[in-house]
Amino acid sequence: MLNTLAVMGQGFLHALTPINLIMMLAGVALGIVIGCMPGLSAAMGVALMLPLTFTMQQDTALIVLGAIYCGAIFGGSISAILIHTPGTPASAATAIEGYQMTKRGQAGKALFTACYASFWGGLLSCISLYFFAPLLAELTLKFQSAEYFWLSIFGLTIIAGVAGKSLVKGLMSGALGLLLSTIGSDPGSGIPRFMLFGNSYFYDGINVTCALIGLFSMSQVFILAEKKIKERAQASKVTDKMSLTRAERKTIRPTILRSWIIGNLIGILPGAGASIACFLGYNTSKQFSRHKEMFGKGSIEGVAGSEAANNAVTGGSLIPTLTLGIPGESVTAILMGGLIMKGLQPGRMLFNEENAIVTYTFFAGFVLVQFFMLGIGLLGCRGFAQISRLSDAILIPCVTVLCVVGSYAINRLPEDVIVMFVFGVLGYLMRKLDLNTAAIVLALILGPIGEKNLQNAMIISDGSPKILFSSVICWVLIALCVVGILSPIFMSKMEKKAEANAIAGTTEDVEQLTEEDLV
Amino acid sequence: MKRFLALILALSMILVLCACGAGGGKANDGPFKPNGPVTLIVAYKAGNGTDITARILAKYAEKYVGQTIIIDNQDGGSGSKGWSKLASAKPDGMTIGFINLPNFNSSIVKGLGTYTIDSFAPICNHVTETSLIVVRADDDRFPDLNALVEYGKAHDGELIASTNGAQASNHIGAQAFANSAGFTYKAVPKGNTNEELTSLLGKEADFCVAKAPDISSMTDSVKVLAVFGSARLAEMPDVPTLAELGYYQDWLGSSRCIAAPAGVSAEVISFYESAFKQAMEDPDYLTEAASFVTDYMDAAATAELVKQQQTFTESLATGFWYD
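These protein sequence lines are chains A and B, in that order.
My numbering applies: residue 1 is where the first sequence begins, and numbers increase by one.
My numbering applies: residue 520 is where the second sequence begins, and numbers increase by one.
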């Protein structure tokens, strides 16, 4: 125990080195820029910046990726508030109340609330990271082949069920991803399957990072390019002071705490991410609010509820990523790629004598990143607001180049760029058909884990499927899978309610405004 | 604002292109001496075991090579991507690389690349890791190796060994041991050594074969029953060898050798041979390299080792595995 505390303290000292501090600053700033540009998401930001971390120290590399992650999730709120366009899907719910506040001339107050709530959401989520990650890492010894098999199934049911609008489309996307995950050598026998580009290129399966850059970034370029290029709306001027009164801070305190718990739990669930958390956080803040009449007209509680929840996801989703090697959402899937590239395997090994210092330096960095986010957010909001209206005419070529360079830089293989483009087209088609691209990425990661562990379990049991039902953890996971499959029913009810309320509120508000305007 | 951003992006792209295009050099006449940065290919990711030891060696070898050494991580295809690149590099002494035995030999047997052992000119050996037979420290069934063998024979086909992959190095080790001891077991391919050891500690597997550095951080939770080969290891003098106990006779483990693409001149080989030898004898290097076994072998001995491992790996094709 004392030992662990000493390592935690040491982690802070390591995180405070000048290079790490500079990288936190740069990472957060870059993250906010990426986040506040509509069209660039947190997953894209982390994927595109991953190759730049190759030459860095283990801890610095992880800190940079974590900083971009947190910054981007917060950054989305800036454009949500000022131009009514969420910079990332994670800030969709923030746009509802945030833009109403802007219309009332309270843009500064809205930005401050978003920044303040993001800060607390992120900071509080670090608590769970510090406490639960090592505990869960110890538990991983209880996770053997059968348990891992169910865990991967659970991740897939969650992503299929929760993340999309339709369960059938979610399952279709997941199944397509599973099919693609069978490319490469069989995880049990090593026999090659569906090999293209010679014997070795697909030996380890499809490069997930390339697939991800294609699915998220390249497909976005296609979608942006398809529309007529137009200048974005002028960002509203921030006229009021960026602050909250003491009373207002007190009002949003319980909201932030509730949203922290919601966001944190959503984060820990494999597959569910920040875009779901923001709606749940927003909805809950409305249900518990004493000022329900303010919702739809610019409620600080609404902004705080959404922003605290989406940033609380960050720390939470790192927990299964670091301990079980099952990423909590697509951003942490790439972060896990970075972890493995740096020679760190998820699991107990991250907390042993050799690696604990790197892990706790990363955790400490993650805590410090929240303070940088608060500082940069408060000081730089006005500047970032200008970036958020960068024309697509500049954005499209820049992102295209980053996609090509990013996918090439990983292994310096031209085949990787082809794979990236193929997945770009696939992602474009899937988004046109309303299929779920995140499900493909998770299936690419979870498919081989599930397949390998099913094979291993069958070797151990001499082919008897009983082994899959042989432990308590198995049954718990099976129960969770069922919940995962059924969750769209609950989720769609909750989300519809939240959105319906929000839309109802907004339209009322708009109508009122027009009436006022007419008068 | 927009122009400024566009300019910055354009400049950074140029920077990336320049960074990609730099390097290279031409050999002079006379005794070989590299006249530009030397590329050292590592067929695994940055941070991997081979990468870590390679970087330590490269740091000290630069003094004796007289040039910067650039580590080029070419990961993928079980190492075959990197070895393909090394085999097809220009044999001018500016590109050399690590080949990892016996994974390198397996990749040839499996046909993952288009190279053979003749596509490479070995320079020297750097690190040797001996395979060990490992069980949980608190597993009272197996106080020593004979107990494990007795148990295996009495419960034929029941013992479970986790491995780092189907027919990967630790699977070869477990199979060689079980074949020589005359029992059968179930091999569970885990994909990497980390998961292999987690499987052992989580009581899914009964025993496994691992290399010494893999278990250095878990001395409390595992015990070593035997080492492969006929010579005991200096760091564990009490652990018997498989050969002295009368089981599998030959040494098994992994070797990280340095090689050049075939076709380099003899001067190139002897230049690097002596440069790396001096680096491996450098006192500062030895201090930093204390955590692993540096095992210098000259070019001839290394070539012999590569051949011997190739013959061994090919012999596994017949009658070694259960079918």
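Wrong hints could be hidden among the right ones.
Claimed, not checked - Lysine-lysine pairs mimicking BS3-like chemistry, simulated, CA-CA at most 25 Å apart:
1) B/K722 / A/K142
2) A/K142 / B/K705
3) A/K292 / A/K493
4) A/K466 / A/K493
5) A/K466 / B/K629
6) B/K742 / A/K142
7) A/K142 / A/K237
8) B/K552 / B/K629
9) B/K742 / B/K672
10) B/K742 / B/K722
11) B/K552 / B/K578
12) B/K826 / B/K609
13) A/K466 / B/K705
14) A/K103 / A/K237
15) B/K796 / B/K609
For the record, the hints were derived by calculation from the structure and aren't laboratory data.
Checked hints:
With a CA separation close to 9 Å, the supplied pair B/K722 and A/K142 stays within the 25 Å bound. For the suggested pair A/K142 and B/K705, the alpha carbons sit about 20 Å apart, so the restraint of at most 25 Å is met. A distance of roughly 20 Å separates the Cα atoms of A/K292 and A/K493; the hinted pair therefore holds under the 25 Å criterion. Between A/K466 and A/K493, the direct Cα distance comes to roughly 37 Å. Violation of the 25 Å bound is thereby established for this hinted pair.
Restraint check: the Cα-Cα separation between A/K466 and B/K629 comes to about 34 Å, which exceeds 25 Å; the hinted pair is violated. For a cut-off of 25 Å, the pair hint linking B/K742 to A/K142 stands: about 20 Å separates their Cα positions. For the hint pairing A/K142 with A/K237, the CA-to-CA distance comes to about 56 Å; that exceeds 25 Å, so the pair is violated. Among the hinted pairs, B/K552 with B/K629 is inconsistent with the structure: their alpha-carbon atoms are about 37 Å apart, more than 25 Å.
A threshold of 25 Å between alpha carbons decides the hint, and for B/K742 with B/K672 the separation of about 21 Å falls inside it, so the pair holds. As the CA atoms of B/K742 and B/K722 are separated by approximately 14 Å, the hinted pair is consistent with the 25 Å bound. For a cut-off of 25 Å, the pair hint linking B/K552 to B/K578 stands: about 18 Å separates their Cα positions. Between B/K826 and B/K609 the CA atoms are separated by roughly 23 Å; this keeps the pair inside 25 Å, and the hint holds.
The straight-line distance between the Cα atoms of A/K466 and B/K705 is roughly 18 Å, inside the 25 Å bound, and the hint therefore holds. For the suggested pair A/K103 and A/K237, the alpha carbons sit about 10 Å apart, so the restraint of at most 25 Å is met. Note on B/K796 and B/K609: the hinted pairing holds, with a Cα-Cα distance of about 24 Å set against a maximum of 25 Å.
Checked against the numbered hints above, the structure breaks hints 4, 5, 7 and 8 and satisfies the rest.
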